[in-house]
Amino acid sequence: MYDFAYHKPASVADAVKILAADPEARPISGGMTLLPALKLRLNRPSAVVDLSGIAELRGVTRKGDTLVIGALTKHYEVATSAEVKAAIPALAAMAHTIGDTQVRNRGTMGGSVANNDPSADYPAALLALGATIETDKRQLPADEFFNGMFTTALEVGELVTAIHIPIPEKAGYAKMRNPASRYAMAGVFVAKTAAGVRVAVNGAGANGVFREKAMEAALAANWSADAVAGIKVDPSLLNGDIHGSAEYRAHLVTVMAKRAVVDAG
Amino acid sequence: MPQVTLTVNGTKHTVEVEARTLLVEALRETLRLTGTHVGCDTSQCGACVVHMGGDSVKSCTILAVQCEGSDITTIEGLAAADGTLHPMQEAFREYHALQCGFCTPGMVMSAIDLVNKHPDGMTEQQIREGLEGNLCRCTGYHNIVKAIAAAQDVMHGRVSELARAAAE
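Line order of the protein sequences matches chains A and B. Quick note on UniProt numbering: the first sequence kicks off at 1 and runs consecutively. Quick note on UniProt numbering: the second sequence kicks off at 1 and runs consecutively.
It cannot be assumed that every hint is accurate.
[As the list claims (entries may be wrong)] Here are the simulated lysine to any residue pairs, SDA-like style, with alpha carbons at most 25 Å apart:
{"hint": "1", "chain 1": "A", "residue 1": "LYS39", "chain 2": "B", "residue 2": "GLY39"}
{"hint": "2", "chain 1": "A", "residue 1": "LYS39", "chain 2": "B", "residue 2": "LEU33"}
{"hint": "3", "chain 1": "A", "residue 1": "LYS39", "chain 2": "B", "residue 2": "GLN3"}
{"hint": "4", "chain 1": "A", "residue 1": "LYS39", "chain 2": "B", "residue 2": "GLU132"}
{"hint": "5", "chain 1": "A", "residue 1": "LYS137", "chain 2": "A", "residue 2": "LEU154"}
By construction, these hints were calculated from the structure, which means they are not laboratory data.
Isolated chain A, as found in the complex:
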């Protein structure tokens, strides 16, 4: 790992100021993705801006029909939060399957969302639940925030501060994990929300997380596993690699969608 300067601001305003002054600086929250990338010298920031001292970015609150989760809330905290378990049990259950115990003790929702790893779990949940991502500058619907593999609408130096999630009528998630890495080969999050049925797929897309509109229409007409059983995603839109061909992933997406509907109940 190359060396860098280290800053630990106490407020979002201070963090943004440091990041604005130095476009080569990178924010760090849990560091579960950034630190391995730095070790591999895939990234060479001039400075690392540690957000962990910003208390205002932590915690889960319910505001009416919306769950607001601070960007620095750890996966373990989401998985065990009484608020999350009561409002969106599928989200708490999903958080419990991210990485391993030690990753869940460090990794944060904001970090995962800002990174938008194609195999990450949260992007599928937020896209399917129609969440809004709040940054230090603006509020962005998940549909506009996730822009393809490892790409988001975030500008350089812009920080995710909170996630606003409308509480759905029901929601479910299922993923097929790579047996070695445990990352999702294909995952499907289904949600029946006030704004309609939404289905998001992670792990499988050639360009990151995406919505599966044919499944949404089928589930809106008939909320059952049978409704999606005959729907195949076009393999040309999916990722094929040594872990599985695009055709195999297309098969998995259908199976995971069925399981997610069963999970949602």
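With chain A fixed as given, assemble chain B onto it according to the hints.
The following block gives chain B in isolation, referenced to the frame of chain A:
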């Protein structure tokens, strides 16, 4: 050079580090606490697990500077001053929950955090899932799981299978 102050096994240390110094490097190379191992250095194997504020974390994937002001416990901090082993260490000994021993410090630290976070006890399946972040290349998981199942009774003050086994 940045300075970091952290409490390790109850003793406060202020050490000079580079910003890029990992917690495990500060523990092993600066404080000479070599019980914490580096297996993969890619946050997968769990040999480097220590407790930070009571939570198990992989010390190869945390910067030392991120630990400013925190309370760290390593494998060296578990036994009592008179050498009496922690119930988890005693259970690993009793159940022969190690072969080569390289993964053991991380296994023990992860196991203690798991037990602390499950006051109602864990099933065998929960223990196995909870150890997802710790790899044993001797594949000696079976006795590790048995040891944790026994130690959780002792740690939670229940009738101890471990004590019974030791008495027999």
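Do the hints match the structure? See the list:
The suggested pairing of A/LYS39 with B/GLY39 holds, with an alpha-carbon distance near 15 Å, which does not exceed 25 Å. A hinted pair counts as satisfied when its Cα atoms are at most 25 Å apart, and A/LYS39 with B/LEU33 qualifies at roughly 22 Å. A threshold of 25 Å between alpha carbons decides the hint, and for A/LYS39 with B/GLN3 the separation of about 21 Å falls inside it, so the pair holds. For the hint linking A/LYS39 to B/GLU132, the alpha-carbon distance of about 23 Å falls within 25 Å, and the restraint holds.
Distance check on the hinted pair: A/LYS137 and A/LEU154 sit about 10 Å apart at the alpha-carbon level, within 25 Å; holds.
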